Amino acid sequence: MEDKEVHILLVEDDEVDIMNVQRAFKKNNITNPLHITRNGLEALEVLRSGTIPMPPIIILDINMPKMNGIEFLQELRKDSTLNRISVFVMTTSNEDSDKINAYNLNVAGYILKPLSFEKFLSSVATLNRYWKLCERP
Numbered sequence: 001m002e003d004k005e006v007h008i009l010l011v012e013d014d015e016v017d018i019m020n021v022q023r024a025f026k027k028n029n030i031t032n033p034l035h036i037t038r039n040g041l042e043a044l045e046v047l048r049s050g051t052i053p054m055p056p057i058i059i060l061d062i063n064m065p066k067m068n069g070i071e072f073l074q075e076l077r078k079d080s081t082l083n084r085i086s087v088f089v090m091t092t093s094n095e096d097s098d099k100i101n102a103y104n105l106n107v108a109g110y111i112l113k114p115l116s117f118e119k120f121l122s123s124v125a126t127l128n129r130y131w132k133l134c135e136r137p
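Per full-length UniProt numbering, the sequence shown starts with residue 1, numbered consecutively.
Calculated from the structure, these hints are not laboratory results. Heads up, a few of these hints could be off.
Using C-beta positions, here's what the derived DEER-type ranges look like [what the hints assert, rightly or not]:
#	residue 1	residue 2	range
1	Ser80	Lys119	33 to 39 Å
2	Ser122	Ser80	32 to 38 Å
3	Lys78	Pro33	34 to 40 Å
4	Lys119	Thr51	31 to 37 Å
In silico DMTMM-like cross-links for lysine to aspartate or glutamate, where the CA-CA straight-line distance does not exceed 20 Å [unchecked claim]:
#	residue 1	residue 2
5	Lys119	Glu75
6	Lys78	Glu118
7	Lys113	Asp13
8	Lys119	Glu5
9	Lys27	Glu118
10	Lys27	Glu45
From a predicted model like this one, the values you see are computed outputs, not experimental measurements. Positions of the beta carbon are idealized from the N, C-alpha and C atoms, including for glycine.
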């Protein structure tokens with residue numbers, strides 16, 4: 001039987017940001033399984049190995065070691081088995097070049113990490129509304 005839950009992959013190297021996402025999920029009563037990788041290389045390895053169910057949604061940071069978010073997106077979009085995954089960038093980078101590069105790589109959204117936890121909760125609630133639409137009946 002096919003797993004109908006929408007699994008989400010978080011690609012984030014900052015421990016505080018990971019904890020904030022987990023807290024925001026809990027506060028918004030989001031029960032979707034959340035899988036965490038800490039850079040683009042690790043994320044690609046997990047996606048290609050099949051160690052987790054294929055997530056239809058990735059939340060991606062830009063500034064990470066080993067392979068940053070833009071490099072990860074480039075690899076993801078070249079891979080015919082992964083290129084249809086919806087990616088939301090959630091980053092502190094307000095650089096126009098990062099935004100342009102991300103949108104050129106077909107991201108579903110570009111969200112600046114808010115400074116307050118309340119704004120962060122609101123951002124995650126917005127994402128939740130999106131992936132609720134992605135769940136299969």
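These are the hints, each one checked on the structure:
1. Taking the beta carbon of each, serine 80 and lysine 119 are about 37 Å apart, inside 33 to 39 Å as hinted.
2. In this structure the supplied range 32 to 38 Å holds for serine 122 paired with serine 80, their Cβ-Cβ distance being about 35 Å.
3. About 26 Å separates the C-beta atoms of lysine 78 and proline 33, a value inconsistent with the hinted range of 34 to 40 Å.
4. Checked against the hint of 31 to 37 Å, the pair lysine 119 and threonine 51 passes, with Cβ atoms roughly 33 Å apart.
5. The suggested pairing of lysine 119 with glutamate 75 is violated, with an alpha-carbon distance near 31 Å, which exceeds 20 Å.
6. Our distance criterion of 20 Å between C-alpha atoms is broken by lysine 78 and glutamate 118, whose separation comes to about 36 Å.
7. With a C-alpha separation of about 14 Å, the suggested pair lysine 113 and aspartate 13 falls inside the 20 Å cut-off, and the hint holds.
8. Between lysine 119 and glutamate 5 the alpha-carbon distance is near 26 Å, which puts this suggested pair outside the 20 Å criterion.
9. With a C-alpha separation of about 10 Å, the suggested pairing of lysine 27 with glutamate 118 holds against the 20 Å cut-off.
10. Under the criterion of a C-alpha separation no larger than 20 Å, the hint pairing lysine 27 with glutamate 45 is inconsistent with the structure, at around 30 Å.
Comparing the model with each numbered hint stated earlier shows that hints 3, 5, 6, 8, 10 do not hold.
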